[in-house]
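Peer 1: Could you put together the complete structure from these sequences and hints?
As a plain string of letters, each chain reads:
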Amino acid sequence: MSERKAILQVKGLRTSFFTDDGEIPAVDNIDFSVHEGEVLGIVGESGCGKSVTSLSIMGLVPSPPGKITGGEILFENQDLTKLSDKEMRMVRGNDVAMIFQEPMTSLNPLFSIGNQLMEAILIHRKDWSKKQAKNRAIEMLNLVGLPRADELMKDYPHQLSGGMRQRVMIAMALVCDPRVLIADEPTTALDVTIQAQILQLMKDLNERLNTAVLLITHDLGVVAETCERVVVMYAGQVVEEGPVQTIFKDPQHPYTKGLLQSVPDMRFKKQRLYSIPGNVPKPGSIRTGCRFAARCEFAFDKCLTENPDLYQTSSVHKTRCFLYKNQEVSANDRTLVES
Amino acid sequence: MTEPLLKVEGLKKYFPIRKGVLSRVSGYVKAVDDVSFFVNKGETLGIVGESGCGKSTTGRMLMRLLEPTEGKVVFDGKELTNISNDDMRKARREIQMVFQDPYASLNPRHTIEKILEEPLIVHGLGDAKSRKKKVRELLEIVGLSSYHAKRYPHQFSGGQRQRIGIARALMTNPKLIIADEPVSALDVSIQSQVLNLMQDLQKDLQLTYIFIAHDLGVVRHISDRVGVMYLGKMVEITESELLYDKPLHPYTQALLSAVPVPDPNFVRDQILIKGDIPSPSNPPSGCTFHTRCPFKMDVCTTVVPKLEEAEPGHFVACHLYGERAALINR
Ligand SMILES: Nc1ncnc2c1ncn2[C@@H]1O[C@H](COP(=O)(O)OP(=O)(O)OP(=O)(O)O)[C@@H](O)[C@H]1O
Ligand SMILES: Nc1ncnc2c1ncn2[C@@H]1O[C@H](COP(=O)(O)OP(=O)(O)O)[C@@H](O)[C@H]1O
Ligand code: SF4
Ligand code: SF4
Ligand SMILES: [Mg+2]
Ligand SMILES: [Mg+2]
Numbered sequence: 001m002s003e004r005k006a007i008l009q010v011k012g013l014r015t016s017f018f019t020d021d022g023e024i025p026a027v028d029n030i031d032f033s034v035h036e037g038e039v040l041g042i043v044g045e046s047g048c049g050k051s052v053t054s055l056s057i058m059g060l061v062p063s064p065p066g067k068i069t070g071g072e073i074l075f076e077n078q079d080l081t082k083l084s085d086k087e088m089r090m091v092r093g094n095d096v097a098m099i100f101q102e103p104m105t106s107l108n109p110l111f112s113i114g115n116q117l118m119e120a121i122l123i124h125r126k127d128w129s130k131k132q133a134k135n136r137a138i139e140m141l142n143l144v145g146l147p148r149a150d151e152l153m154k155d156y157p158h159q160l161s162g163g164m165r166q167r168v169m170i171a172m173a174l175v176c177d178p179r180v181l182i183a184d185e186p187t188t189a190l191d192v193t194i195q196a197q198i199l200q201l202m203k204d205l206n207e208r209l210n211t212a213v214l215l216i217t218h219d220l221g222v223v224a225e226t227c228e229r230v231v232v233m234y235a236g237q238v239v240e241e242g243p244v245q246t247i248f249k250d251p252q253h254p255y256t257k258g259l260l261q262s263v264p265d266m267r268f269k270k271q272r273l274y275s276i277p278g279n280v281p282k283p284g285s286i287r288t289g290c291r292f293a294a295r296c297e298f299a300f301d302k303c304l305t306e307n308p309d310l311y312q313t314s315s316v317h318k319t320r321c322f323l324y325k326n327q328e329v330s331a332n333d334r335t336l337v338e339s
Numbered sequence: 340m341t342e343p344l345l346k347v348e349g350l351k352k353y354f355p356i357r358k359g360v361l362s363r364v365s366g367y368v369k370a371v372d373d374v375s376f377f378v379n380k381g382e383t384l385g386i387v388g389e390s391g392c393g394k395s396t397t398g399r400m401l402m403r404l405l406e407p408t409e410g411k412v413v414f415d416g417k418e419l420t421n422i423s424n425d426d427m428r429k430a431r432r433e434i435q436m437v438f439q440d441p442y443a444s445l446n447p448r449h450t451i452e453k454i455l456e457e458p459l460i461v462h463g464l465g466d467a468k469s470r471k472k473k474v475r476e477l478l479e480i481v482g483l484s485s486y487h488a489k490r491y492p493h494q495f496s497g498g499q500r501q502r503i504g505i506a507r508a509l510m511t512n513p514k515l516i517i518a519d520e521p522v523s524a525l526d527v528s529i530q531s532q533v534l535n536l537m538q539d540l541q542k543d544l545q546l547t548y549i550f551i552a553h554d555l556g557v558v559r560h561i562s563d564r565v566g567v568m569y570l571g572k573m574v575e576i577t578e579s580e581l582l583y584d585k586p587l588h589p590y591t592q593a594l595l596s597a598v599p600v601p602d603p604n605f606v607r608d609q610i611l612i613k614g615d616i617p618s619p620s621n622p623p624s625g626c627t628f629h630t631r632c633p634f635k636m637d638v639c640t641t642v643v644p645k646l647e648e649a650e651p652g653h654f655v656a657c658h659l660y661g662e663r664a665a666l667i668n669r
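Residue numbers (the working numbering), protein chains in the order written: chain A, 1 to 339; chain B, 340 to 669.
Among the hints, a few may not be true.
To be verified - Output of the computed footprint for chain A on chain B, the stretches with three or more beta carbons under 8 Å from beta carbons of chain A: (1) 403-413; (2) 470-477; (3) 522-533; (4) 556-565.
What the hints contain is simulated information worked out from the structure, not anything from laboratory work.
Each residue gets a CB set at the ideal place from its N, CA and C atoms; glycine is no exception.
Peer 2: This is the structure we're talking about:
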């Protein structure tokens with residue numbers, strides 16, 4: 001999987017919100033890449049910066065108060081942070097598309113499903129006729145497993161169930177064959193039997209269309225089930241990255257370890273759950289030292305004063321923790337991975 | 340066998356649907372439709388099911404925060420469903436609720452002390468001094484500090500607010516706690532803190548829990564027995580181990596197989612059930628699961644399956660089991 005080319009590269013991204021309380025660095029110098037055709041997960045607890053990361057990539061950070069203050073987002077070697085609003089509008093949908101947690105808020109209640117799908121197509125395919133757009137819309141509804149697509153075109157969002165609306169959103173995101181699909185908590189608002197259907201659909205589409213998927217979730221089960229690689233975020237930073245197999249079997253960062261031990265597993269009963277002490281920090285509340293130090297059972301002096309780097313601990317594994325600094329592999333290996 | 344602490348028989352809640360200028364009743368949402376179960380002293384009964392299946396409505400009827408349309412609730416030998424409102428208020432001392440969103444249920448303008456004291460004042464328990472003492476005691480018990488008493492709800496994180504919600508429920512020394520999605524809004528690392536707290540409190544204070552949730556992992560972890568609801572009905576109920584290791588009802592089987600497991604090597608036989616949950620205002624005839632059931636038989640579309648003991652201690656409402664199954668198989 002690491003032989004696959006990086007199609008989207010996030011490098012040193014910083015996104016802040018400027019509020020009455022000063023600058024809040026919601027995303028604080030993060031790096032990761034999405035490889036061609038893969039399903040990459042981003043996992044973390046609420047407020048760790050997952051949604052701000054995806055909005056930054058899409059050029060949709062609400063501004064003001066938000067602003068990308070540093071770093072670059074390379075899509076096929078073009079820096080998205082440097083594009084004009086107009087250029088960015090062409091990238092959205094065409095190259096990179098996104099679906100959100102609550103499909104109802106991203107569908108317009110006043111227009112029919114068909115109307116909205118066709119509009120999404122015609123923005124990017126200006127030379128297409130209405131007929132062509134309509135056919136494509138119906139084709140997409142069929143693709144995402146919605147029955148009676150013809151009738152559905154005339155329906156309005158409120159007439160659909162949550163699961164159907166999320167399918168429509170996926171169809172809309174995929175109308176122009178984007179290379180990357182960003183899905184921010186796409187199943188969090190859905191029931192578990194419907195979630196299973198949607199995750200299955202996303203996996204199928206990833207395989208059939210070779211669309212790379214960036215799946216954002218707080219659910220480790222969803223990651224294990226759906227993703228090939230995973231990025232773990234904590235307090236606005238990436239704390240660990242690697243193949244799902246490795247991260248679940250040999251997690252390195254104390255936060256990842258704690259998180260994995262905290263989840264109840266439906267297959268067997270643990271006598272007592274492990275729990276990470278303390279609270280999930282508000283972004284910006286910790287500015288010096290390792291962001292996890294206050295909750296970490298391994299913390300030592302240095303952790304309180306210096307912020308560890310993201311150390312490359314194997315050709316595919318990275319960890320932001322001083323305990324793994326001496327396991328860092330040589331720069332040589334690193335270039336092999338990133339090329 | 341000792342008497343269960345709580346017994347529920349034939350509980351129903353039909354919400355009228357009103358239409359038109361005259362608000363004539365045009366139908367009913369059958370939110371809870373003939374549910375029976377019991378809870379033993381000191382145990383945790385988990386209730387699971389997907390959104391809208393009637394879990395919260397059931398919980399609220401047990402305390403008569405919502406009047407049942409029909410059915411009987413017997414708590415500690417006393418029938419709650421036919422006592423006066425005054426007597427019910429007294430009974431509520433012994434049954435308390437913990438909610439999903441602790442923020443919405445804590446008055447933002449009151450200090451934690453005032454919030455925690457309130458149930459004691461309502462029930463006329465203790466004097467000012469002993470009430471304050473109890474507040475400080477309980478704050479410590481739920482893992483907060485007595486100096487938190489003077490603070491306001493917004494000064495706490497979600498997990499801390501849930502601890503306050505639990506402390507408030509414990510103020511009157513209840514026997515039964517009905518917890519409706521108490522950890523659903525919390526992050527994983529905070530969720531496990533609260534679950535551990537609830538387990539410790541149960542042991543120390545001999546509490547009985549009804550734990551309502553949609554997360555099947557959480558429910559297995561905390562429950563001794565588990566009931567599964569679908570469209571207002573209890574479709575299966577048994578000991579937790581039995582339910583998870585050998586689910587009998589096709590819906591339970593599908594539900595369990597849909598839960599993502601935090602293990603990338605886990606291979607499961609996923610039963611993907613098609614379609615959505617039908618509306619409780621117009622539930623399917625016969626077995627309400629028949630529109631999605633992979634094992635549907637003719638009888639399922641016409642005859643409502645009763646909750647019957649298919650195996651010792653294992654109750655299920657499905658024509659594949661029990662007397663009717665014996666008849667069909669013959
Ligand atoms: N006051 C009300 N009036 C009309 N219908 C109601 C009312 N309260 C609940 N319902 C309906 O009753 C059904 C059961 O609702 P309930 O809140 O008990 O579900 P639940 O199992 O707790 O769901 P969730 O998992 O979403 O909390 C739903 O269809 C709901 O829309
Ligand atoms: N519109 C906004 N205005 C101010 N702060 C914001 C805004 N959106 C997000 N933030 C800040 O960024 C942090 C990270 O948010 P987000 O990326 O949405 O977290 P999550 O990981 O839960 O998706 C939030 O805790 C919040 O403080
Ligand atoms: S750097 Fe220190 S505090 Fe941070 S995770 Fe590692 S050991 Fe813990
Ligand atoms: S009664 Fe019939 S439809 Fe209902 S769950 Fe059993 S087999 Fe399926
Ligand atoms: Mg988010
Ligand atoms: Mg509910």
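Peer 1: Taking 8 Å as the Cβ threshold, is the statement that the stretch 470-477 of chain B is covered by chain A upheld or broken by the three-residue rule?
Peer 2: With 0 residues in contact (Cβ-Cβ under 8 Å with chain A), the coverage given for the stretch 470-477 of chain B is violated.
Peer 1: Are 3 or more residues of the stretch 522-533 of chain B near chain A, judged by a Cβ distance of less than 8 Å?
Peer 2: Per the Cβ count (7), the hint holds.
Peer 1: Do three or more residues from the stretch 403-413 of chain B put their C-beta atoms closer than 8 Å to C-beta atoms of chain A?
Peer 2: violated (count 0)
Peer 1: Can you confirm whether chain A covers the stretch 556-565 of chain B, using C-beta to C-beta distances below 8 Å and requiring at least three such residues?
Peer 2: holds (count 4)
When each numbered hint is compared with the structure, violations occur for hints 1, 2.
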